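Trainee: Chains as they are written, first to last, in the working numbering: chain A, 1 to 79; chain B, 1 to 141.
Because the hints were derived from the structure by calculation, they are not lab data. Remember, predicted model here, so these are calculated numbers, not experimental data. Where a beta carbon is used, it is the ideal one built from N, C-alpha and C, also for glycine. Some clues are possibly wrong.
Pairwise CB distance ranges, derived in the manner of DEER restraints [stated by the list, open to error]:
| no. | chain 1 | residue 1 | chain 2 | residue 2 | range |
| --- | --- | --- | --- | --- | --- |
| 1 | B | L42 | A | R53 | 47 to 55 angstroms |
| 2 | B | R66 | A | T21 | 51 to 59 angstroms |
| 3 | B | R80 | A | K4 | 55 to 63 angstroms |
| 4 | A | E19 | B | L63 | 39 to 47 angstroms |
| 5 | B | P75 | A | R11 | 44 to 52 angstroms |
| 6 | A | D63 | B | K85 | 23 to 31 angstroms |
| 7 | B | Q88 | A | K4 | 25 to 33 angstroms |
Listed next, the in silico EDC-like pairs over lysine to aspartate or glutamate satisfying Cα-Cα at most 20 angstroms (straight line) [what the hints assert, rightly or not]:
| no. | chain 1 | residue 1 | chain 2 | residue 2 |
| --- | --- | --- | --- | --- |
| 8 | A | K43 | B | E77 |
| 9 | A | K4 | A | E28 |
| 10 | A | K43 | B | E113 |
| 11 | B | K6 | B | E113 |
| 12 | A | K4 | A | E40 |
| 13 | A | K43 | B | E5 |
| 14 | A | K4 | A | D64 |
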Amino acid sequence: MSGKTLNNRIRELRFLNGEMTQADLGNEIGVTRQTIAAIEQGKYAPTLEAAFRIADVFGVGLDDVFTWEAAPEKGAEHR
Amino acid sequence: MPYREKIVWLSLFAIAVAFVPYFTYVAMMPAASEGLPSLRQLILYAVATGVQVVILLGGRAWLALRSPGDVRIPPDERDRAIRQKSVQTAYFVLIGGTILAGVVMPFYSSGWEIVNTALFMIVLAEVVNYSIAAFSYRRQA
């Protein structure tokens with residue numbers, strides 16, 4: 001394993017786009033509010049098509065929404 | 001909780017109510033000595049299946065009345081991914097049950113013992129299917 005995780009800025013982008021709700025974003029790309037919540041929390045990795053649809057809604061590139069970054073070290077948050 | 005997760009929990013509930021009593025009774029009062037066909041076993045199975053159908057139909061109708069909009073929403077990619085994973089695992093349980101009841105058991109058993117083993121493995125596969133789906137919905141919630 002690469003030790004990297006898929007992170008996203010969906011929550012931030014929703015806020016910057018008129019405080020769009022999860023349900024609104026879900027309606028735009030054809031998924032449920034719960035799926036958007038799961039994606040935001042990093043508990044579900046969307047398909048490539050859904051990822052492109054999300055980026056399209058915000059009018060940004062895919063790498064402005066999703067990033068592939070090193071996972072934080074265990075216990076780092078306690079330091 | 002999304003509509004499809006509610007359906008998963010409803011299905012697990014229906015199985016628990018209908019088939020836990022059935023298999024408990026069957027385990028305590030085996031019908032092997034009665035030969036085929038055993039009217040008692042047939043009636044028991046019909047009652048268990050009937051209870052399951054009534055709970056599923058009633059539950060789905062109740063959920064549809066409570067949130068009619070949710071029923072019309074088609075499954076999205078996450079629903080499909082969860083279903084694919086749960087069905088895939090349940091398939092192996094079903095294959096194992098088929099081998100046990102259809103290939104192994106006929107060498108040493110017969111009648112309702114084989115039938116009930118096959119039924120048990122079908123129900124077990126369903127339990128595995130819905131349990132994995134419920135766990136996946138909770139883990140990704």
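Trainee: For each hint, tell me whether it holds in the structure or not.
Mentor: Going down the list of hints, with the structure as the test:
no., hint, in the structure
1, B:L42 - A:R53: 47 to 55 angstroms, "holds (53 angstroms)"
2, B:R66 - A:T21: 51 to 59 angstroms, "violated (22 angstroms)"
3, B:R80 - A:K4: 55 to 63 angstroms, "violated (26 angstroms)"
4, A:E19 - B:L63: 39 to 47 angstroms, "violated (31 angstroms)"
5, B:P75 - A:R11: 44 to 52 angstroms, "violated (25 angstroms)"
6, A:D63 - B:K85: 23 to 31 angstroms, "holds (28 angstroms)"
7, B:Q88 - A:K4: 25 to 33 angstroms, "holds (27 angstroms)"
8, A:K43 - B:E77, "holds (14 angstroms)"
9, A:K4 - A:E28, "violated (29 angstroms)"
10, A:K43 - B:E113, "violated (44 angstroms)"
11, B:K6 - B:E113, "violated (34 angstroms)"
12, A:K4 - A:E40, "holds (17 angstroms)"
13, A:K43 - B:E5, "holds (16 angstroms)"
14, A:K4 - A:D64, "holds (17 angstroms)"
Hints 2, 3, 4, 5, 9, 10 and 11, counting from the list given before, are not met by this structure.
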